[in-house]
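For the protein sequence lines, the chains are A and B, in the order given.
The numbering of the first sequence is this note's numbering, which starts it at 1 and goes up by one.
The numbering of the second sequence is this note's numbering, which starts it at 1 and goes up by one.
The set of hints was computed from the structure by calculation and includes no laboratory data.
Keep in mind the model is a prediction, meaning the values are calculated, not measured.
Watch out, some of these pointers could steer you wrong.
[Said to hold, decoys possible] List time: in silico DSSO-like cross-link candidates among lysine-lysine, alpha-carbon distance up to 27 Å:
| id | chain 1 | residue 1 | chain 2 | residue 2 |
| --- | --- | --- | --- | --- |
| 1 | B | Lys12 | A | Lys48 |
| 2 | B | Lys171 | A | Lys8 |
| 3 | B | Lys125 | A | Lys3 |
| 4 | B | Lys125 | B | Lys56 |
| 5 | B | Lys163 | A | Lys8 |
| 6 | B | Lys59 | A | Lys48 |
| 7 | B | Lys69 | A | Lys8 |
| 8 | A | Lys8 | B | Lys175 |
| 9 | B | Lys172 | A | Lys8 |
| 10 | B | Lys29 | B | Lys19 |
| 11 | A | Lys8 | B | Lys147 |
| 12 | B | Lys56 | B | Lys133 |
| 13 | B | Lys133 | B | Lys175 |
| 14 | B | Lys69 | B | Lys163 |
| 15 | B | Lys29 | B | Lys89 |
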Amino acid sequence: MNKKEIHKIAPILSEISHLGAGFDVPKNYFAALEEKLVSEMNIQSFQKKSKKNNFQVPPTYFDEIEKKVISKLKVESFGKNANKKMPENYFDTLEDRITQRIDNRPKVISLKSRLLKVVFPLTIAASLLLIFTLSNNSKSVTFDSIATNDIQNWIDEGNLELDAYNLATIYNDIELDESYFGASISDNELQEYLDLDTIEQLILEN
Amino acid sequence: MIDENQLVSLLKNSKTQEKAFRNLISLYKERIYWHIRKIVLNHEDTDDILQNTFIKVFKNIHSFNEESKLYTWIYRIATNEAITFINKKAKQRQVDLSELQTQMTHNLQQDELFNGEEIQYILQKAIITLPQKQQLVFNMKYFDEMKYQEMSEILDTSVGALKASYFHAVKKIEKYIKAY
Chain A
1 MNKKEIHKIA PILSEISHLG AGFDVPKNYF AALEEKLVSE MNIQSFQKKS KKNNFQVPPT
61 YFDEIEKKVI SKLKVESFGK NANKKMPENY FDTLEDRITQ RIDNRPKVIS LKSRLLKVVF
121 PLTIAASLLL IFTLSNNSKS VTFDSIATND IQNWIDEGNL ELDAYNLATI YNDIELDESY
181 FGASISDNEL QEYLDLDTIE QLILEN
Chain B
1 MIDENQLVSL LKNSKTQEKA FRNLISLYKE RIYWHIRKIV LNHEDTDDIL QNTFIKVFKN
61 IHSFNEESKL YTWIYRIATN EAITFINKKA KQRQVDLSEL QTQMTHNLQQ DELFNGEEIQ
121 YILQKAIITL PQKQQLVFNM KYFDEMKYQE MSEILDTSVG ALKASYFHAV KKIEKYIKAY
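Same shape as in the complex, but just chain A (with noise of 0.2 Å):
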């Protein structure tokens, strides 16, 4: 399309073609620009070259280093372990003789379980059956005729006084594990822990 058909189909454009698009530059602009962009390119230039890294590695190297470590730590660890000797199958065992000797442990019983089940009630019983006896010399006292009120007040009272030095000096058999003190045990846990023999025993030996 030339001028003339512009003029026929869009006079009014055709009319102000000359005027061009209005548009301004700054003064001395297309002047200044080629020292503007060569100093541009001039400048990315030298930090493209002083970011390059100057310094240089052998050819392979990066591609063996994996190898030189392994068999370097192989070395050392052998060096290390030269005049050392162990077993056969050392290694092979040794999960199982660590889990057999896990197996037949002894079992350690708990003083706070014997506390619990046997030596308090032992010790309340017979405190109990000694007062009632004094008190009552005319009859015979057995434990059936206590009412479990009177055991009640009478610890209330603070008649039961037991603290970690005399325990310690009477049971001085018992070693103490500590790990026990803070532990909840469950009934069941102390049930299967205490059978009928231990109990008796405990019983003869106090």
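Fit chain B to the supplied structure of chain A, relying on the hints for placement.
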């Protein structure tokens, strides 16, 4: 005037590169500037894009295969840079392209480097109502009076399609101005 093929060889030679680059800028700076300016409208953005265009030309001169003219290759880079720039700007401002162009045209009224008369301002307002490709075709033909063949190489569009596009653009703009 230096032959274009000779200029390309000088640009590819590291010893003659800088001088050739100065020549290249000198040859094309104004035409490329005005091409970009009509897309982005303000001088500051045009200056940035123009510099980026020449730097890209310099950096990629070794990949220029000389199948097309150096002049059309530079034009193509400049067009891509300018289009990418305004699309990015619209994305950053979270507006669509037509809204951004409306803002850009509105800013011309306060632009010290726009000395157009009222009719030229209306013309700019009319141009931004066109689809993006039609805007490019109209600017290149109406203001730069570029040949269809050259436009075809730059925009990678057939001559026939360009002629049709320009015809539609002219009619729409005339209609817009009449109705204003």
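Taking the hints in turn, this is what the structure says about them:
no.	hint	verdict
1	B/Lys12 - A/Lys48	holds (19 Å)
2	B/Lys171 - A/Lys8	holds (11 Å)
3	B/Lys125 - A/Lys3	holds (22 Å)
4	B/Lys125 - B/Lys56	violated (31 Å)
5	B/Lys163 - A/Lys8	holds (16 Å)
6	B/Lys59 - A/Lys48	holds (12 Å)
7	B/Lys69 - A/Lys8	violated (34 Å)
8	A/Lys8 - B/Lys175	holds (13 Å)
9	B/Lys172 - A/Lys8	holds (14 Å)
10	B/Lys29 - B/Lys19	holds (15 Å)
11	A/Lys8 - B/Lys147	holds (20 Å)
12	B/Lys56 - B/Lys133	holds (23 Å)
13	B/Lys133 - B/Lys175	holds (19 Å)
14	B/Lys69 - B/Lys163	holds (21 Å)
15	B/Lys29 - B/Lys89	holds (24 Å)
In terms of the numbered hints stated before, the structure departs from hints 4 and 7, listed from lowest to highest.
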